[in-house]
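There are 2 protein chains.
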Amino acid sequence: MNKKHIVILGAGYGGMMTAAKLQKTLHTNEAVITLINKNDYHYQTTWLHENAAGTLHHDRTKIKIKDVIDSNKVNIVLDEVICIKPEEKKVKLANGVMNYDFLVIGLGFEPATFGIPGLSEHAFTIGNINNARLIREQLDFNFASYHNELEKNDARLNIVVGGGGFTGIEFAGELANRIPHLCEEYDIEKTQVRIIIIEGAPTVLPGFDERLVSYAINSLESRGVEFINGALLKECNQDYIVYEKDGKRTELPTMTTIWAAGVRANSVVERSGFETNRGKVEVRNDLRTPDFEDVFVIGDCALIKNEATGKAFPPTAQIAIQQAETVAHNVRAKVRRNELKSFCPNLQGTIASLGNDDAIAEVFGRNLFGWKAAFMKKMSDNRYLLKLGGIGLLMKKGKFNFFY
Amino acid sequence: MNKKHIVILGAGYGGMMTAAKLQKTLHTNEAVITLINKNDYHYQTTWLHENAAGTLHHDRTKIKIKDVIDSNKVNIVLDEVICIKPEEKKVKLANGVMNYDFLVIGLGFEPATFGIPGLSEHAFTIGNINNARLIREQLDFNFASYHNELEKNDARLNIVVGGGGFTGIEFAGELANRIPHLCEEYDIEKTQVRIIIIEGAPTVLPGFDERLVSYAINSLESRGVEFINGALLKECNQDYIVYEKDGKRTELPTMTTIWAAGVRANSVVERSGFETNRGKVEVRNDLRTPDFEDVFVIGDCALIKNEATGKAFPPTAQIAIQQAETVAHNVRAKVRRNELKSFCPNLQGTIASLGNDDAIAEVFGRNLFGWKAAFMKKMSDNRYLLKLGGIGLLMKKGKFNFFY
Numbered sequence: 001m002n003k004k005h006i007v008i009l010g011a012g013y014g015g016m017m018t019a020a021k022l023q024k025t026l027h028t029n030e031a032v033i034t035l036i037n038k039n040d041y042h043y044q045t046t047w048l049h050e051n052a053a054g055t056l057h058h059d060r061t062k063i064k065i066k067d068v069i070d071s072n073k074v075n076i077v078l079d080e081v082i083c084i085k086p087e088e089k090k091v092k093l094a095n096g097v098m099n100y101d102f103l104v105i106g107l108g109f110e111p112a113t114f115g116i117p118g119l120s121e122h123a124f125t126i127g128n129i130n131n132a133r134l135i136r137e138q139l140d141f142n143f144a145s146y147h148n149e150l151e152k153n154d155a156r157l158n159i160v161v162g163g164g165g166f167t168g169i170e171f172a173g174e175l176a177n178r179i180p181h182l183c184e185e186y187d188i189e190k191t192q193v194r195i196i197i198i199e200g201a202p203t204v205l206p207g208f209d210e211r212l213v214s215y216a217i218n219s220l221e222s223r224g225v226e227f228i229n230g231a232l233l234k235e236c237n238q239d240y241i242v243y244e245k246d247g248k249r250t251e252l253p254t255m256t257t258i259w260a261a262g263v264r265a266n267s268v269v270e271r272s273g274f275e276t277n278r279g280k281v282e283v284r285n286d287l288r289t290p291d292f293e294d295v296f297v298i299g300d301c302a303l304i305k306n307e308a309t310g311k312a313f314p315p316t317a318q319i320a321i322q323q324a325e326t327v328a329h330n331v332r333a334k335v336r337r338n339e340l341k342s343f344c345p346n347l348q349g350t351i352a353s354l355g356n357d358d359a360i361a362e363v364f365g366r367n368l369f370g371w372k373a374a375f376m377k378k379m380s381d382n383r384y385l386l387k388l389g390g391i392g393l394l395m396k397k398g399k400f401n402f403f404y
Numbered sequence: 001m002n003k004k005h006i007v008i009l010g011a012g013y014g015g016m017m018t019a020a021k022l023q024k025t026l027h028t029n030e031a032v033i034t035l036i037n038k039n040d041y042h043y044q045t046t047w048l049h050e051n052a053a054g055t056l057h058h059d060r061t062k063i064k065i066k067d068v069i070d071s072n073k074v075n076i077v078l079d080e081v082i083c084i085k086p087e088e089k090k091v092k093l094a095n096g097v098m099n100y101d102f103l104v105i106g107l108g109f110e111p112a113t114f115g116i117p118g119l120s121e122h123a124f125t126i127g128n129i130n131n132a133r134l135i136r137e138q139l140d141f142n143f144a145s146y147h148n149e150l151e152k153n154d155a156r157l158n159i160v161v162g163g164g165g166f167t168g169i170e171f172a173g174e175l176a177n178r179i180p181h182l183c184e185e186y187d188i189e190k191t192q193v194r195i196i197i198i199e200g201a202p203t204v205l206p207g208f209d210e211r212l213v214s215y216a217i218n219s220l221e222s223r224g225v226e227f228i229n230g231a232l233l234k235e236c237n238q239d240y241i242v243y244e245k246d247g248k249r250t251e252l253p254t255m256t257t258i259w260a261a262g263v264r265a266n267s268v269v270e271r272s273g274f275e276t277n278r279g280k281v282e283v284r285n286d287l288r289t290p291d292f293e294d295v296f297v298i299g300d301c302a303l304i305k306n307e308a309t310g311k312a313f314p315p316t317a318q319i320a321i322q323q324a325e326t327v328a329h330n331v332r333a334k335v336r337r338n339e340l341k342s343f344c345p346n347l348q349g350t351i352a353s354l355g356n357d358d359a360i361a362e363v364f365g366r367n368l369f370g371w372k373a374a375f376m377k378k379m380s381d382n383r384y385l386l387k388l389g390g391i392g393l394l395m396k397k398g399k400f401n402f403f404y
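Order-wise, the sequence lines are chains A and B.
Taken in order, the first sequence gives residues 1 to 404; the numbers are from full-length UniProt numbering.
Taken in order, the second sequence gives residues 1 to 404; the numbers are from full-length UniProt numbering.
One thing to keep in mind: the hints can contain errors.
Remember, identical chains collapse to one label, so a pair may be satisfied in a single copy or spanning two.
20 Å max Cα-Cα, derived EDC-like pairs, lysine to aspartate or glutamate [claimed, not checked]:
id, residue 1, residue 2
1, Lys396, Glu184
2, Lys4, Asp209
3, Lys378, Asp70
4, Lys190, Asp40
5, Lys24, Glu282
6, Lys245, Asp101
7, Lys234, Glu185
8, Lys152, Glu80
9, Lys90, Glu293
10, Lys38, Asp187
11, Lys64, Glu185
12, Lys66, Asp40
13, Lys85, Asp101
14, Lys372, Glu282
15, Lys152, Glu121
16, Lys396, Asp381
17, Lys64, Glu184
18, Lys341, Asp239
19, Lys248, Glu226
20, Lys92, Asp286
Rather than coming from a laboratory, the hints here were simulated on the basis of the structure.
Using the sequences and the hints, build the whole thing.
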């Protein structure tokens, strides 16, 4: 029997969960499985804003691949994907080439800066562990520098968050909790520090219930966060940004701009010649690309339309994890020549964290806020860990600080 | 009775100890005592290299003035000294003017960069708490940045220490212990990091016994520190330095140059018109300036020649603390119209730390090295705390980690 080679690109929510499912349900006699990732760790993208703000150490967010994946059952290759050649059933890596029979593309997202001048050079993004710990250090470094300069530079203490969506709000919430500690560490008055969210839409957190949005705004404002809505970031420089509101341009001194207003699918997908819709592959119901029988796409690189609304499902961890179960099933079906099944998303709700003990949530059709929502968020994070790596991983990386 | 006003400038080793002594031995009926300092804390200058390397938090090094000085007995003014007008018996402050009957100048040191191009702009110095925590952050920031750049920049991982004297060696020793932790934190290989000491003389640690110098060099080299002796720093830029050795100029990429090869007395002294010898006041035996009957100078601003050798005593904490006892005695004598006494230094030895558990020492005429010398160093640090603030301060800030 000729064993099939299953190659999974990326150890994000989708790829990691696919590999974890396949190692349990496919026998090593049936297929060879290879997981390719840049780092030797998986990380919880939805926790990165905490690492960036400095309220949670990144070691908590990182999960060693070998803590979840059994290297007796799955090959682990640490390398970077340069491009995919689906006609040749090959993946070009920085240090090699990999042939596959079945491919799962779970390469995640990268920041989209929409050509705003200076943004890619001077703004920070919250996309991976490296980014997140750099933001943490940028904050510390500017606070540390403040008293070393004869002429005090407000740009060191103004922090601009570009975008009041999910990531921007969650980051601002953590940051507001971190500032008092930074101020104490570097002998700075709290009132000197500004956190400013610049949002293009008339209000932040689009898609959330209006009452929850009000709650979130109040929670953040009470901790010193400022909102500039209906404003567009026009320019980003090393020590100031320019935004436009009501046709008027304003300069704002800052050395720390966090760009949280745009991501796109990993550009490897487009570069590899797949047919894309705004960078993503509009997949079939069984999560395969329209053009290739043996290529699955998962997570942020995949576009699935909600048939009820006609809109695309948002690129969330929740969806990626659910897709992984379908992909794992369908890859197994391909190996065993069984029938493929369709992906059927089960939207359980949305929770936006506003800090360790505060959040807003729409779950089971109900609105929650405050510590109850924060509790739900931690429960949902813990549930993922349990699903991915069992009780051992949950105990190691779970969030149990429910009541402090 | 017309009470006299004693003004002490600076809460360093000399000024702080003078204030501590005076509050115990002068009655508030006899004199008004005012201590003027920029910050609300005293700090242990000899511990700053640990804060800078990140091996000890600066809160351990800071001592709140009010933890030692009784504000019922001593006025505490937080302000910056602009200049002294000894003819008018006035001190000009950033936010005021202070008249005195007796003045104690203990304004410490500032870095001397000898006109080396770029040094004052781009190099870091280990002079105060603000400097030290900035160096710590500079290290963290560069390590954090390393993996965020497509083109890897060695300048982020090369650390240059200008000067292999006391401070340079002590800092390098701490840094060598910190690097493994930084590497782990930011996923960097230890072999990629370089610590390079550039020393003008043919060897480091001038004045120490040759065997102890060899021990120190071996200890540092075994932890990856490189020595470039007989070399002069010629130029310092944001991402490289230039040094000259044997007539040849070499560029070395680095974003972190710590200048530990020169300090001078606080320039306020020279600016105020005192007669100085390389920035310091060559004081009388009773530690007064030659020209003014009521002005004492202490610590790094004072120059005292060792009559045995004809050389100046080094500007150490040990000497400053001993001077404080003489100055406190003499100020009290002036208030009470008693006789002044001469300063008589009692050199007990020199200890250079090489990290938490390693050091070299010449004490009681003996050479010590390794953990014994490190133990002596901690004992000597603890003795100072006991002297300054009693058992309470010792318990709060002492070093008791003798054996880890």
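To see whether the hints hold, each was checked on the structure:
1. Within a single copy, Lys396 and Glu184 get their C-alpha atoms only as close as 31 Å, which misses the 20 Å cut-off; across copies the closest is 19 Å, which meets it.
2. In this assembly of identical chains, the alpha carbons of Lys4 and Asp209 never lie at most 20 Å apart, being 48 Å within a copy and 71 Å across copies at closest.
3. Neither within a single protomer nor between protomers do Lys378 and Asp70 lie at most 20 Å apart by alpha-carbon distance, with minima of 27 Å and 49 Å respectively.
4. Taking identical chains as interchangeable, the C-alpha atoms of Lys190 and Asp40 lie at most 20 Å apart only when they sit on different chains, with a minimum of 18 Å there against 39 Å within one chain.
5. For the identical chains of this complex, Lys24 and Glu282 are neighbours neither inside a copy (29 Å) nor across copies (81 Å), given an alpha-carbon limit of 20 Å.
6. In this homomeric assembly, Lys245 and Asp101 never come within 20 Å of each other (Cα to Cα): the closest approach is 53 Å inside a single copy and 61 Å across copies.
7. Neither within a single protomer nor between protomers do Lys234 and Glu185 lie at most 20 Å apart by alpha-carbon distance, with minima of 33 Å and 35 Å respectively.
8. In this homomeric assembly, Lys152 and Glu80 come within 20 Å of each other (Cα to Cα) only across copies, at 16 Å, whereas the closest approach inside a single copy is 43 Å.
9. Within a single copy, Lys90 and Glu293 get their C-alpha atoms as close as 14 Å, which meets the 20 Å cut-off; across copies the closest is 89 Å, which misses it.
10. Proximity of Lys38 to Asp187 under the C-alpha cut-off of 20 Å is restricted to the inter-copy arrangement: shortest distance 13 Å between copies versus 39 Å within a copy.
11. In this assembly of identical chains, Lys64 and Glu185 lie within 20 Å of each other by CA distance solely across copies; the values are 14 Å between and 32 Å within a copy.
12. Taking the closest pair of Cα atoms, Lys66 and Asp40 come within 20 Å of each other only inside a single copy of the chain (8 Å); across copies the shortest separation is 51 Å, beyond that limit.
13. Proximity of Lys85 and Asp101 under a CA criterion of 20 Å is satisfied intra-copy only: 12 Å inside one chain copy versus 87 Å between copies.
14. Taking CA atoms no more than 20 Å apart as the test, Lys372 paired with Glu282 passes in neither setting, with 37 Å inside one copy and 70 Å between copies.
15. Taking the shortest alpha-carbon separations for Lys152 and Glu121, only the inter-copy value of 16 Å comes in at or below 20 Å, while the best intra-copy value is 24 Å.
16. In this homomeric assembly, Lys396 and Asp381 come within 20 Å of each other (Cα to Cα) only inside a single copy, at 13 Å, whereas the closest approach across copies is 40 Å.
17. Only between protomers do Lys64 and Glu184 lie at most 20 Å apart by alpha-carbon distance; the minimum there is 14 Å, versus 34 Å within a single protomer.
18. In the homo-oligomer, the alpha carbons of Lys341 and Asp239 never lie at most 20 Å apart, since the shortest distance is 53 Å inside one protomer and 57 Å across protomers.
19. Taking the shortest Cα distances, Lys248 and Glu226 sit within 20 Å of each other inside one copy (19 Å), while across copies they are farther apart (56 Å).
20. With identical chains, the CA atoms of Lys92 and Asp286 are never at most 20 Å apart, being 25 Å at best within one copy and 80 Å at best between copies.
Checked against the numbered hints listed earlier, the structure breaks hints 2, 3, 5, 6, 7, 14, 18, 20; every other hint is satisfied.
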